[in-house]
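Participant: Residues per chain, in single letters:
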Amino acid sequence: MSTDTTAGVPAPAPPDRGRGARGDGLLRPVLNGLRRNMRQYGMLIALALIVVLFQIWTDGDLLLPRNVSNLVLQNSYILILAIGMMMVIISGHIDLSVGSLTAFVGAVAAALTVTHQMPWPAAVALCLLVGAAAGALQGFMIAYLGIPSFIVTLAGMLLFRGLTEILLKGQTVGPFPEGMQKIGNGFLPEVGPDTNYHNLTLLLGAVLIAAVVWQEVRDRRRQQEFSLEVLPTRLFALKLVALVAAVLVVTLLLASYKGAPIVLIVLGVLVAGYSYVMRNAVFGRHIYAIGGNLPAAKLSGVKDRRVTFQVFLNMGVLAALAGLVVAARLNAASPKAGVSYELEAIASAFIGGASMSGGVGTVLGAIVGGLVLGVLNNGMNLLSVGTDWQQVIKGLALLAAVGFDVWNKRKSGS
Amino acid sequence: MAAPVLEMRSIVKTFPGVTALSDVNLTVRRGEVHAICGENGAGKSTLMKVLSGVHPYGTYEGEILFENEPCRFKDIRASEQRGIVIIHQELALVPYLSLAENIFLGNEHARRGFIDWNATLRHATELLRRVGLDEHPETRVADIGVGKQQLVEIAKALSKSVKLLILDEPTAALNDEDSRKLLALILELKKQGITSIIISHKLNEIRAVADSVTILRDGRTIETLDVKAPGTTEERIIAGMVGRDLDHRFPERTPHRPERDAPAALEIRGWTVFHPIDRQRKVVDDVSLQVRRGEIVGIAGLMGAGRTELAMSVFGRSYGRYAAGTVLKDGREIRTRTVAEAVAHGIAYVTEDRKRYGLNLIDTVNRNISLTALHKVARRGVVDEHAERQVAEGFRTSMNIKAPTVFEPVGRLSGGNQQKVVLSKWIFAGPDVLILDEPTRGIDVGAKYEIYTVIDRLAAQGKAVLFISSELPELLGMCDRIYTMAAGRLTGEVSRAEATQEVLMRHMTKDTKGTRSAGSANGTRGTRGEGVTR
Chain A
1232 MSTDTTAGVP
1242 APAPPDRGRG
1252 ARGDGLLRPV
1262 LNGLRRNMRQ
1272 YGMLIALALI
1282 VVLFQIWTDG
1292 DLLLPRNVSN
1302 LVLQNSYILI
1312 LAIGMMMVII
1322 SGHIDLSVGS
1332 LTAFVGAVAA
1342 ALTVTHQMPW
1352 PAAVALCLLV
1362 GAAAGALQGF
1372 MIAYLGIPSF
1382 IVTLAGMLLF
1392 RGLTEILLKG
1402 QTVGPFPEGM
1412 QKIGNGFLPE
1422 VGPDTNYHNL
1432 TLLLGAVLIA
1442 AVVWQEVRDR
1452 RRQQEFSLEV
1462 LPTRLFALKL
1472 VALVAAVLVV
1482 TLLLASYKGA
1492 PIVLIVLGVL
1502 VAGYSYVMRN
1512 AVFGRHIYAI
1522 GGNLPAAKLS
1532 GVKDRRVTFQ
1542 VFLNMGVLAA
1552 LAGLVVAARL
1562 NAASPKAGVS
1572 YELEAIASAF
1582 IGGASMSGGV
1592 GTVLGAIVGG
1602 LVLGVLNNGM
1612 NLLSVGTDWQ
1622 QVIKGLALLA
1632 AVGFDVWNKR
1642 KSGS
Chain B
5 MAAPVLEMRS
15 IVKTFPGVTA
25 LSDVNLTVRR
35 GEVHAICGEN
45 GAGKSTLMKV
55 LSGVHPYGTY
65 EGEILFENEP
75 CRFKDIRASE
85 QRGIVIIHQE
95 LALVPYLSLA
105 ENIFLGNEHA
115 RRGFIDWNAT
125 LRHATELLRR
135 VGLDEHPETR
145 VADIGVGKQQ
155 LVEIAKALSK
165 SVKLLILDEP
175 TAALNDEDSR
185 KLLALILELK
195 KQGITSIIIS
205 HKLNEIRAVA
215 DSVTILRDGR
225 TIETLDVKAP
235 GTTEERIIAG
245 MVGRDLDHRF
255 PERTPHRPER
265 DAPAALEIRG
275 WTVFHPIDRQ
285 RKVVDDVSLQ
295 VRRGEIVGIA
305 GLMGAGRTEL
315 AMSVFGRSYG
325 RYAAGTVLKD
335 GREIRTRTVA
345 EAVAHGIAYV
355 TEDRKRYGLN
365 LIDTVNRNIS
375 LTALHKVARR
385 GVVDEHAERQ
395 VAEGFRTSMN
405 IKAPTVFEPV
415 GRLSGGNQQK
425 VVLSKWIFAG
435 PDVLILDEPT
445 RGIDVGAKYE
455 IYTVIDRLAA
465 QGKAVLFISS
475 ELPELLGMCD
485 RIYTMAAGRL
495 TGEVSRAEAT
505 QEVLMRHMTK
515 DTKGTRSAGS
525 ANGTRGTRGE
535 GVTR
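Residue numbers (this note's numbering), protein chains in the order written: chain A, 1232 to 1645; chain B, 5 to 538.
Read the hints as simulated data drawn from the structure, not as lab findings.
Bear in mind that the values here come from a model prediction, so they are computed numbers and not experimental data.
Honestly, I wouldn't trust all of these hints.
To be verified - Listed next, with one range per pair, are the computed distances between beta-carbon atoms: (1) A/Tyr1375 <-> B/Gly466: 38 to 44 angstroms; (2) B/Ser292 <-> A/Asn1639: 53 to 59 angstroms; (3) B/Glu345 <-> A/Asn1430: 53 to 59 angstroms.
Stated by the list, open to error - In the DSSO-like style, the derived pairs of lysine-lysine whose C-alpha atoms are separated by at most 27 angstroms in a straight line are: (4) A/Lys1534 <-> B/Lys164; (5) B/Lys333 <-> B/Lys406; (6) B/Lys380 <-> A/Lys1529; (7) B/Lys195 <-> B/Lys167; (8) B/Lys164 <-> B/Lys78; (9) B/Lys333 <-> A/Lys1529; (10) B/Lys232 <-> B/Lys167; (11) B/Lys406 <-> A/Lys1640; (12) B/Lys359 <-> A/Lys1534; (13) B/Lys333 <-> A/Lys1534; (14) B/Lys78 <-> B/Lys167; (15) B/Lys359 <-> A/Lys1640; (16) B/Lys206 <-> B/Lys406; (17) A/Lys1640 <-> B/Lys78; (18) A/Lys1529 <-> B/Lys359.
Beta carbons are placed, not taken as given, at the ideal position from N, Cα and C, and that holds for glycine.
Start from the sequences and build out the full structure, keeping to the hints where you can.
Facilitator: Encoded structure:
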């Protein structure tokens, strides 16, 4: 749950400082709270709604343990890309090359491990370096040579796609060593006594719940200390319960199948890490600053070129990671891998609250946006909706999300 | 006295939660130039929006009579049909279209949807001549200076057979020469029978062109004065605007006692910069100056004199192409090739354009303040939000920034409060030298006074202040010494004792050597002494 003040511009504080409107029932404060935090919670509610709808439509198939596990595995790479893409978009740029770069890194991984028999951990490290190099190259041209990012990464999109086909000679290459496959579709190992659930996943879930509760309570206390408006007590309790319930449900679902997928752990670490960086690190602040007003950031002594360069370098590394996950999951490097992933990542960022002009957005928003698309995909697959109609619906979802945002902003008059 | 052409009676306009206008009355006589003035937020612009139909009939109370007929405009087009045309502060011209195309934009000479170019060009030439603009109608708007663009706006208004012309701060972006021309044009149009309403902050302009002035304060009409009457002085108008006698517009300056032996805090030697695009043109030409600790030193000059360009190029070469010159801090040469280097050497530059160069408007007050020196509230690259907030709260109190919390987006604050945020962010950076570029531009009288107080306090703390301003009274009121610039060169240095507006203006319009090119459309060529405004 995001408490970031950057994306959600809170409405003017009400006189009661949100100490809970007593005797007002539960519904009124809930609605008021929602109205005031529409930007923050709007997409989360939409996501919940989509989940519930598909759960009904698929007669409960959506939230079957196996399907939830699948959902995570299927969407992990888009979510990884969405994190980096969000940062790129906040900085006021765009990256169209990530889909091709994912495929290219997959091809490199195949060349190293399958063709040249290199041990997979070394190959993974090398692949991440390749991603960093690709990102650095593009970042250099964008930041230091001043070529627009749209052009550089459009070129990169063609270039890396071509290099992928050259490297693979148009063939699909596989399979990967077993260890590497685990990155894409492995699960946490099982420990301890035989319960009906996956023990380590349960433990992890419990730790996560504790962490979430602690974080929320601490945030709230800090906001109160800053005499900022906080959610009314009951609403806050409701939010906590909802959060805990969500984590608990996912944990139980995963634990009753094969446990938590390894990518989910990787993703969790990435989300936590990048959220922290974007909110608290000087680097993150500088990204918001150059995206919000580049000339002002420059004149404030922000090293805008270096920040831009690093944002693209970072995107390259994340694209490489996504490439490894995709390759490992398919257990093969394919010339057609990663097609239109860049668009899904960009859509995720915009559904999740990014702004075309930069300066706005959160990592968590990108994840929520990615999940909205992911659940739509998965749900429609379960309902055997054809890919033709899937595209139509996803397009409409993107329009609706951004349209809602624009409407909401206009209504609040900011 | 001519009969009233416009009467606005008991106008009340409320926005959710705010009453912008409560009982405003305005009577404008036929053929006069009527000025409206008041502090920011007094309701001037809202009143004009009510008049021109931006706020349509029904969203306000009260009545409007134009030429003795009641008006119920539903949009701008309706008011334009009656001959009421408003020219906004931000010009509404399309830069890459020609003058002629702009003049008739939305009002094209067309037959069956196709433009009649002959009629368009003929008519445009005529209108351009009428506003005294000697440019070909097919010239692109982007290729002429701001002063001329303003004239194009007026030509556009004339094309709509304007009877009542409303100008919202028409000279805010113009240099003295262009302002003079524009004001002369307004007088010329007056002879042709066009009534004008001008909103202005510049009292001297009001005195120069207006026949009467209506003063608004807090959404009410305070009074309407006859400008030509002997009792109507600038002090009189200011008193009406602020509602109190303002015998001192500037704080008492703590006199500066220079330490003769100590080297200057900032010294610039032989600074020369070329224009970023026109590489032959020297924008700053061999400028040398010094500022000592505790001293406030002014730089006066007309637009195009190179003051901002000098400041920005010294501050991390943020403008133009550096050619020559050195910067010394406390007698030692320093490098200021990037903004970061300049900041590290204790130099701060507070921009003249806070929205574009000063602030991230979508971000909060506290994050804007901390941006220049994030490292001061961060440890190992991680920002301590608690410390950051305390810093911001400190400035909110000490600078009297009016914001509900420090987490308010700066874009929602008024101009004066935004300026205080920009100042805070640079004070937080902890500089020894502050270069302030038009620090009171576009903010109201009360906030100006607060800013002056802050500047005086900074000097008293031993900081060196370089104060760039276009408002001569402000320089005279605040500075210990004043340099003047013209066409990129330093043309004079005047002490506090000998400085008067006339002396400064003489230096600012000094014709520098014949080697100087005329420069752009905005270049200063004038050698005429006093403008119509001084």
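Participant: If any of the earlier hints don't hold here, list their numbers in rising order.
Facilitator: Checked against the structure, the hints that fail are numbers 4, 5, while the rest are satisfied.
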